[in-house]
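Line order of the protein sequences matches chains E and U. Numbering-wise, the first sequence is residues 20 to 587 according to my numbering. Numbering-wise, the second sequence is residues 54 to 457 according to my numbering.
Hints listed in this document are in silico derivations from the structure and should not be mistaken for laboratory results. None of the values given here were measured: they were computed from a predicted structure. Please note that a few of the clues may not be correct.
Now the in silico label distances, taken between C-beta atoms and shown as ranges [claimed, not checked]: (1) E/Leu-42 / U/Lys-230: 15 to 23 Å; (2) U/Glu-181 / E/Ser-536: 42 to 50 Å; (3) U/Ala-124 / E/Gly-38: 16 to 24 Å; (4) E/Leu-288 / U/Arg-415: 36 to 44 Å; (5) U/Arg-127 / E/His-407: 45 to 53 Å; (6) U/Lys-230 / E/Trp-215: 53 to 61 Å; (7) E/Arg-409 / U/Ala-264: 52 to 60 Å; (8) U/Ala-124 / E/Arg-64: 37 to 45 Å.
Ideal Cβ positions, reconstructed from N, Cα and C, are used throughout, including at glycine.
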Amino acid sequence: MRVTDHLKRNRLSWLALAGLFLLLSLVIYLPLIELFAESLKENGRWSFINFQRFFDFNNPAYLRALWGSIAISVLTVIGSAIVGVPLAILFSRFQFPGRKVFGVLVTLPVLLPPLVGVLAFYFLMGETGIIPRVLQKTLGLQSAPLVMRGVPAILLVHIYSFYVFFYLFARNALAGLDRSLEEAASGLGASRSMLWRKVIFPQLQPALLGAGMLVFMNSMASFTAPYMFGGAWRFLSLEIYNAKLNGDLALANTQAVILASFSLLFLLLMRWYGRDHPTARGSKGVALPPRRVTQAWQKVLLAGIGSVLIVLLLLPQLTLVLIAFVKNGTWTWQILPEQFTFENFVSVFTSRDAAEPWRNSLWMSALATVCGAVVAMLAAYFTARPRHGRAWSHLLDASVMLPWAVPGTVIAMALIILFDEPYWFTAGNILIGSAAILPLAYFIRHLPIQFRAIVAAFTQLDPALEEAAQNLGAHWWMRFRRVLLPLLLPGIITGGMMAFVIALGEFVSSILLYTYSNRPLSIAIFSELRLFNLGSAAAYSVLLTVLIGLIMWLSQKYGGDRDEGLSG
Amino acid sequence: MARVRLESIQKKFGAMIAVNALTFEIAEGEFFSLLGPSGCGKTTTLRMIAGFEIPDHGRILFDEADVTARAPNRRNTGMVFQNYALFPHLTVFENVAFGLRARKMPLPEIKQQVHEALQLVEMTNYVERPVTQLSGGQQQRVALARALAIKPSILLLDEPLSNLDAQLRRSTRAELKRLQRQLGITTIYVTHDQEEALALSDRIAVLHAGALQQIGSPLEIYTAAKNFFVMNFIGTSNAVPGKVTARAENVLSITIGQTQIQCAVANASRFEIGAAVQLAFRPEHVIVIRAKGSSNDSAFTARSTLPFIPPQWGDVRATPQVNFPLEGSQGGVADTITLPGTWRTAEFSGTHWLMHFAIADRPCSARMTLEQAVRYLGNDFTTMLPGEAIQVEIAAHALTVFEA
Numbered sequence: 020m021r022v023t024d025h026l027k028r029n030r031l032s033w034l035a036l037a038g039l040f041l042l043l044s045l046v047i048y049l050p051l052i053e054l055f056a057e058s059l060k061e062n063g064r065w066s067f068i069n070f071q072r073f074f075d076f077n078n079p080a081y082l083r084a085l086w087g088s089i090a091i092s093v094l095t096v097i098g099s100a101i102v103g104v105p106l107a108i109l110f111s112r113f114q115f116p117g118r119k120v121f122g123v124l125v126t127l128p129v130l131l132p133p134l135v136g137v138l139a140f141y142f143l144m145g146e147t148g149i150i151p152r153v154l155q156k157t158l159g160l161q162s163a164p165l166v167m168r169g170v171p172a173i174l175l176v177h178i179y180s181f182y183v184f185f186y187l188f189a190r191n192a193l194a195g196l197d198r199s200l201e202e203a204a205s206g207l208g209a210s211r212s213m214l215w216r217k218v219i220f221p222q223l224q225p226a227l228l229g230a231g232m233l234v235f236m237n238s239m240a241s242f243t244a245p246y247m248f249g250g251a252w253r254f255l256s257l258e259i260y261n262a263k264l265n266g267d268l269a270l271a272n273t274q275a276v277i278l279a280s281f282s283l284l285f286l287l288l289m290r291w292y293g294r295d296h297p298t299a300r301g302s303k304g305v306a307l308p309p310r311r312v313t314q315a316w317q318k319v320l321l322a323g324i325g326s327v328l329i330v331l332l333l334l335p336q337l338t339l340v341l342i343a344f345v346k347n348g349t350w351t352w353q354i355l356p357e358q359f360t361f362e363n364f365v366s367v368f369t370s371r372d373a374a375e376p377w378r379n380s381l382w383m384s385a386l387a388t389v390c391g392a393v394v395a396m397l398a399a400y401f402t403a404r405p406r407h408g409r410a411w412s413h414l415l416d417a418s419v420m421l422p423w424a425v426p427g428t429v430i431a432m433a434l435i436i437l438f439d440e441p442y443w444f445t446a447g448n449i450l451i452g453s454a455a456i457l458p459l460a461y462f463i464r465h466l467p468i469q470f471r472a473i474v475a476a477f478t479q480l481d482p483a484l485e486e487a488a489q490n491l492g493a494h495w496w497m498r499f500r501r502v503l504l505p506l507l508l509p510g511i512i513t514g515g516m517m518a519f520v521i522a523l524g525e526f527v528s529s530i531l532l533y534t535y536s537n538r539p540l541s542i543a544i545f546s547e548l549r550l551f552n553l554g555s556a557a558a559y560s561v562l563l564t565v566l567i568g569l570i571m572w573l574s575q576k577y578g579g580d581r582d583e584g585l586s587g
Numbered sequence: 054m055a056r057v058r059l060e061s062i063q064k065k066f067g068a069m070i071a072v073n074a075l076t077f078e079i080a081e082g083e084f085f086s087l088l089g090p091s092g093c094g095k096t097t098t099l100r101m102i103a104g105f106e107i108p109d110h111g112r113i114l115f116d117e118a119d120v121t122a123r124a125p126n127r128r129n130t131g132m133v134f135q136n137y138a139l140f141p142h143l144t145v146f147e148n149v150a151f152g153l154r155a156r157k158m159p160l161p162e163i164k165q166q167v168h169e170a171l172q173l174v175e176m177t178n179y180v181e182r183p184v185t186q187l188s189g190g191q192q193q194r195v196a197l198a199r200a201l202a203i204k205p206s207i208l209l210l211d212e213p214l215s216n217l218d219a220q221l222r223r224s225t226r227a228e229l230k231r232l233q234r235q236l237g238i239t240t241i242y243v244t245h246d247q248e249e250a251l252a253l254s255d256r257i258a259v260l261h262a263g264a265l266q267q268i269g270s271p272l273e274i275y276t277a278a279k280n281f282f283v284m285n286f287i288g289t290s291n292a293v294p295g296k297v298t299a300r301a302e303n304v305l306s307i308t309i310g311q312t313q314i315q316c317a318v319a320n321a322s323r324f325e326i327g328a329a330v331q332l333a334f335r336p337e338h339v340i341v342i343r344a345k346g347s348s349n350d351s352a353f354t355a356r357s358t359l360p361f362i363p364p365q366w367g368d369v370r371a372t373p374q375v376n377f378p379l380e381g382s383q384g385g386v387a388d389t390i391t392l393p394g395t396w397r398t399a400e401f402s403g404t405h406w407l408m409h410f411a412i413a414d415r416p417c418s419a420r421m422t423l424e425q426a427v428r429y430l431g432n433d434f435t436t437m438l439p440g441e442a443i444q445v446e447i448a449a450h451a452l453t454v455f456e457a
């Protein structure tokens, strides 16, 4: 009796764990393995020919794309650090007029879908952007100055969206610094510059490393900015798309494998490096209030910097809003648009054609998010409560997080390669070209975000609560419904909202996987742009931004860090 | 109410043996404590009884039923967790009602039982409060009420007082004892605080490194420790190393440093000649004495001209049920044993003076009243210089010899 009772108790949970691994294998491992296997095949036979083609030093076109991706990523990391870290120091160490408002606005760009950000810059500073046109006219120049294209344009967009990582990481790290260390160093006679070099900066290093890693991987994976501004330059994420468009699946495949390998390699390298550089944490230092700036010229200077910053941050958005009211096809040679209309917004609610991308994006994102929440919840449970041994929970953690490290283009390619034929687990359907493929891609790509949010909620949850419930006689369903679910809900909501919002504006894998009938918002924006319906494209973007802002506000209000834990 | 029986329980975590060969039985209605330092296996044992851990070997029985692998939710134990584990999203009422809802009790009955349970801990005024708005002591009461509301057959308490401040701890302790007596519920209490265990328990099991060291009433554990670990863990104890040089039937001759002493031992034959031993004695069973003429106190005449004040025995001698293993003086062995020592410092501890000294370079301490201190050391004892030679007198019956 005794053994069977114990086994019965475990059987259900083993079954759930096995089911989870099966699912992850089918939607994450299997596509990636298939992608890798296909890259090693030529006409159905094993061969290195694809990789030989890529690493052909006599014809280094593909290598140049790899080099381009790496170079732009390194430049982006440097640029983002130069913008983000000083901002973080400014906001955490100094008190000046308007500090609060600026502090919120500074994190704005991270909320924007990449396509919207790129579009905003395109209207502002692109080939036919407002600033170049105005400058050309007012200065009476032959050609438009300050036109952003190629590498500088990509870099600008990247830094605009990615400096936030450096800003947030550095700001958190600065807030967690033990001020007594600084006081000790000052007491020992360290100068201000020595203090920064020898005490503060070394302590910030892990945070900066983490931010650098995120930025690097994001720019390696970045597709939208190179796509819109790339010009003659080659980038790996873009080459994958082009190869697929040209029907050269073998090449697209191989490039996807190489891009994924570099991303993963970089991740492992950073992890390994980070392990050797731990920091002394958990000190009891009291965070001093930020230094109040007293002198008038300093106030003016800092407020001036803040204002310039806000203009820079908001200008792209304001441009979008402006363009959104422009009548389609009326802004051609004029310096500034002249005919304005509400048509672009109204049509979303009146025209079937304009409303459909909304419907598609909303239901596909919602489906992906709900499925993601269920799977992430289950995975987070087994990770946070390793009841079947740590090895399984580590493996589970790594498996769920894998899509986070793999660029969206690669995931889309992997899905294309795998799901172009029917399988038993797709109920005999070919998923490519069906409505199911985009929600699946969203689900895979954003599972890590939901998973992390729930794991974070779990770490704040005392395991004794579940034991107390069990001790009081509650079986697993009651424990889940009455204890786990209500307490994890903030994390589930936060992660779910994030995933939903990102899925709404997802472009990178959408453009490889969409069909006309299930075209999402990002594709609609993109095609309006191609048709030169600038107003419509901008209106979609503005509405999307407003919706995202609304959802994030709701999620802040009802989800997030409501720390109600009793245990200290 | 139920009896609890553990039969040669073993539990490993990886290579670490958390609990080994643990066997004991807890009687119906008994207040039983598992006492030991952190990592001794006491919490693991409690968790095995609650069902959160499954032993690798052995059986656990409630009355006659083998519950070794039974799910925790089917054991009907009520547990109070160290940090209370109250559900932060529920009110006091819903917390206490949780176990009753799990038992699918109709609402009127739930209300009735929650009220009764809250009455026991005097928390009826807080029914609708969110538990997050309660103080630590109030949370502790709600946790207790929640555990009692399900009318468990066994009450399990995992260091329930450790998160309270000292004063509250004492009053809650008394209340806990009263409640346990009133309900007559079998109670297993895990603690590392020997004072708590001594004050509350009918019986105590002392655990160390996963193994049972001794099991017995608080008095037995305190006055007749089976080994040096127990003796040192329950109260404080001095230990001086020695070597057995000769042995008679019930008497050992032991060399400590340069000194030879005779020592009555119940079962002397377990010691080999030449074996290294530890002489253990408690601070309250020792006095230190200064040589005549070594004090500036003109009235100080040392003990030779004064009647000897025996070291305190504590209250234990007044309790008739206690059987001392070494009763009084035996076979020509003196009442007290005298050893040479070296003075270190005197430290005032409120009711007593704690005298620090060394025997054979081992730090020791004696607990003396002011009267004793003045009599045996002179009224200038607080200014004695470290290193001064003194005599240490130990009550012979309170000296215990352990194998080293």
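Structure versus earlier hints, numbers of those that do not hold, lowest first: Violated hints: 1, 2, 4, 5, 7, 8; rest satisfied.
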